[in-house]
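S.K.: One-letter residues, chain by chain:
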Amino acid sequence: MTTLDNAPVTGGAVIGPSMEPVGQRTHRILSRVPTGVLWLIVVLWTVPSFGLLVTSLRSEADQISGGWWQAFTDPSFTLENYDKALFSPPGGTLPFSDSFINSFAIAIPGTIIPIAIACAAAYAFAWMDFRGRHWLFIGVLAMMAVPVQMSLVPLQQLYSGGAHLTLGGSTFILIPDMDLNNKPIAVWLAHTAFGLPLAIYLLHNYIAGLPRDVFEAARIDGANHFGIFWRIVLPLAKPAIAAFAIFQFLWVWNDYLISLIFLSQNRDASPLTIQLVNLVTSRGQGTELLPAAAFISMVVPLIIFFSLQRYFVRGLLAGSVKG
Amino acid sequence: MDALISTVINVVIALAVVGGLFVALNLVTDRAPQRWDDRIRPWLFLGPGLLFLVVGLVVPAVRTIVLSFRGGNDGGEGFTTDNWTGLLGSDTVLSFDRAGDILTSRLLLAGVLLVVVGIVAAKRSAGPGAGVDLRNPVTNVALGVALLAVLMAVFSTLRGVIWNNLWWVVVVAGLATAFGLGLAVLADRSRNEALAKTLIFMPMAISLVGAAVIWKFIYDVPSSAQSGGLLNIVWPGDNIDFLRSGSIQPWNNFFIMVIMIWIQAGFAMVVLSAAIKGVPTELGEAARVDGANDAQVFWRVTLPQITSTILVVITTLTITVLKVFDLVKATTGGVADTDVLANRVYDTLRGGDFTTSSTYAVMILVLVLPIMYLNIRRNREEIR
Chain A
238 MTTLDNAPVT GGAVIGPSME PVGQRTHRIL SRVPTGVLWL IVVLWTVPSF
288 GLLVTSLRSE ADQISGGWWQ AFTDPSFTLE NYDKALFSPP GGTLPFSDSF
338 INSFAIAIPG TIIPIAIACA AAYAFAWMDF RGRHWLFIGV LAMMAVPVQM
388 SLVPLQQLYS GGAHLTLGGS TFILIPDMDL NNKPIAVWLA HTAFGLPLAI
438 YLLHNYIAGL PRDVFEAARI DGANHFGIFW RIVLPLAKPA IAAFAIFQFL
488 WVWNDYLISL IFLSQNRDAS PLTIQLVNLV TSRGQGTELL PAAAFISMVV
538 PLIIFFSLQR YFVRGLLAGS VKG
Chain B
-7 MDALISTVIN VVIALAVVGG LFVALNLVTD RAPQRWDDRI RPWLFLGPGL
43 LFLVVGLVVP AVRTIVLSFR GGNDGGEGFT TDNWTGLLGS DTVLSFDRAG
93 DILTSRLLLA GVLLVVVGIV AAKRSAGPGA GVDLRNPVTN VALGVALLAV
143 LMAVFSTLRG VIWNNLWWVV VVAGLATAFG LGLAVLADRS RNEALAKTLI
193 FMPMAISLVG AAVIWKFIYD VPSSAQSGGL LNIVWPGDNI DFLRSGSIQP
243 WNNFFIMVIM IWIQAGFAMV VLSAAIKGVP TELGEAARVD GANDAQVFWR
293 VTLPQITSTI LVVITTLTIT VLKVFDLVKA TTGGVADTDV LANRVYDTLR
343 GGDFTTSSTY AVMILVLVLP IMYLNIRRNR EEIR
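Chains as they are written, first to last, in this note's numbering: chain A, 238 to 560; chain B, -7 to 376.
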């Protein structure tokens, strides 16, 4: 502060060789304002997560006696909350070690199946000629914006009762009753359908941009369509596949609604998000475990985010800027 | 142990599905005679995808629309428009009771004042006797904030889940985009740009449910089990439950929206930052040679170049926000005047009232339709 207070006096009277003009100095200070504002916002943005991380490492007694900022004056940390949340949470909550694995049971199939199916469809849209291609693709585009809420009631009925068609007094079974409700497969089948429009769209954009020569060279060498798809399209489309895979995996891992609809009656198969909300709403019991439980649910997304951020951003840009 | 076994089974099923799909494609494309092959091959590659889309999205969507026009909880009672007239006439869905209060709202007054400021600035910017110049920074910002203020005045006065959903769209899409643009500009050319962007972008990776827990520890009221959130510590007045308190309703909605802005500003920043870096540097340099300063280069060269990207960000956010569910469920569960359409869809479905649930779902679809139309129109030019 003193330098600022002195500036008008000394700067105005004598401008020595070591003294810069007032105008320049103000400009130098002002030019740092944007960076200062940026980092102020960065700090504001990070404080909530940081506070929760610190809280998760404090004992129950410490959490009740004061906020996480007291850890700076009186540092004492423990992993007790993580231990309890993972292996012995209070009252009806499934141990988070189990729901952690359950989340993989949903997220792995919910990622690889839509990608495989979308790759095949995207290749057809991009490099095969057939009637109705244009309108079918517009249909796929339209479905990208259809809210998942439009599918919830019918899918639940389909899972528990199958699909029937009644024509002229006789009933045909189109899809038998498979009793899928409250099984992980119900969730990842739904995620497959919901993820497909974006997957087909992103992969189509990428595959359609591959050079034509590559395909012609392969055809001259005698490769059939599947050979081209398997040996040329899939390897070349790897960046796009990786970008979408990260996107879809995080989406399925972080999903709450779909699991809540199709799986919440089956406690033992429920993923992290459901158990986390159960802990939030079970008033009083296990509140001290909540920060630790939240971080257990975030650790996989955070690892993916920090290690594969480049692909994540690429997928995001392909999905919104180009589209 | 059960969880592990179940995971292995699910992953094996998934791998079998994918492997089976590729083997089947290979066999058929290998063996089929050429002429037959050319016709049927596209449909083999498209088949599995179309099957999932039709069974999982198209047929359910049609069925949901049909259910919204049928009576009884499970749609067994024939055609009726009662679901629609009943819900749209309900005060909890679409109330106009307090429409008169909008006129006396302070936000509306602020909006009108800002419009005046904007017009004055437009006059002055154009110079004497030259009409108005709408493309100057002051006018742009003033009119933008005025629009936001007027819409906030409308949606915080009119109550009901549909108004609430629209309020969400305006606040989150508007502010997240504005924040994202500001951050993209601030971060551009600054030192440690990548680190700053990563930290702001990080909330995008975590679940909405996790975000709700993070912010619970900001908003919490001190109790015997918890020591109160950060915001209550720095808040000058009495302790407030920022999510439920009757004294701040309906502005408790705003505190839930803040969580969504916290998440989505990073998305807007990353997309807009890429767009700004994509603007040819020659354009800015040419303007500088002509004597433009940094601000003028931004408002008159960069901004017009990224307008289409800004629109993409706004439409993407609008679709996301219209479906908002997790945040509301995990914070208030829809009580204290915070309910939204997607939460009604879930609550009525859980309660076994499938026709009402479907009607709420179609309401979300109707709100999404304009965005869907814009998206398709934009993309059709690319496909051709």
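Please keep in mind that the hints were generated in silico from the structure rather than gathered at the bench. Treat the hints with caution; some may be incorrect.
Said to hold, decoys possible - Restraint ranges, calculated between C-beta atoms of paired labels, are given here: (1) A:G398 with B:L86: 32 to 40 Å; (2) B:R90 with A:K475: 33 to 41 Å; (3) B:G64 with A:S407: 23 to 31 Å; (4) A:V270 with B:I94: 36 to 44 Å.
To be verified - Example chain A residues on the side facing chain B (calculated, C-beta under 8 Å, incomplete): (5) P271; (6) S286; (7) I301; (8) F324; (9) F367; (10) Q386; (11) N419; (12) I422; (13) T429; (14) Q502.
C-beta atoms are modelled at their ideal positions from N, C-alpha and C, and glycine is treated no differently.
S.K.: Confirm or reject each hint.
M.R.: Each hint tested on the structure:
1. A:G398 with B:L86: 32 to 40 Å: holds (33 Å)
2. B:R90 with A:K475: 33 to 41 Å: violated (56 Å)
3. B:G64 with A:S407: 23 to 31 Å: holds (25 Å)
4. A:V270 with B:I94: 36 to 44 Å: Holds, at about 38 Å.
5. P271: holds (5 Å)
6. S286: holds (6 Å)
7. I301: holds (6 Å)
8. F324: At about 13 Å, which exceeds the 8 Å cut-off, the nearest Cβ of chain B leaves the hint on F324 (chain A) violated.
9. F367: holds (4 Å)
10. Q386: holds (4 Å)
11. N419: Violated, about 12 Å.
12. I422: Given a least distance of 7 Å, the restraint on I422 (chain A) holds.
13. T429: T429 (chain A) check passes; min Cβ-Cβ to chain B is 6 Å, inside 8 Å.
14. Q502: violated (10 Å)
Going through the hint list in order, the structure does not satisfy hints 2, 8, 11 and 14.
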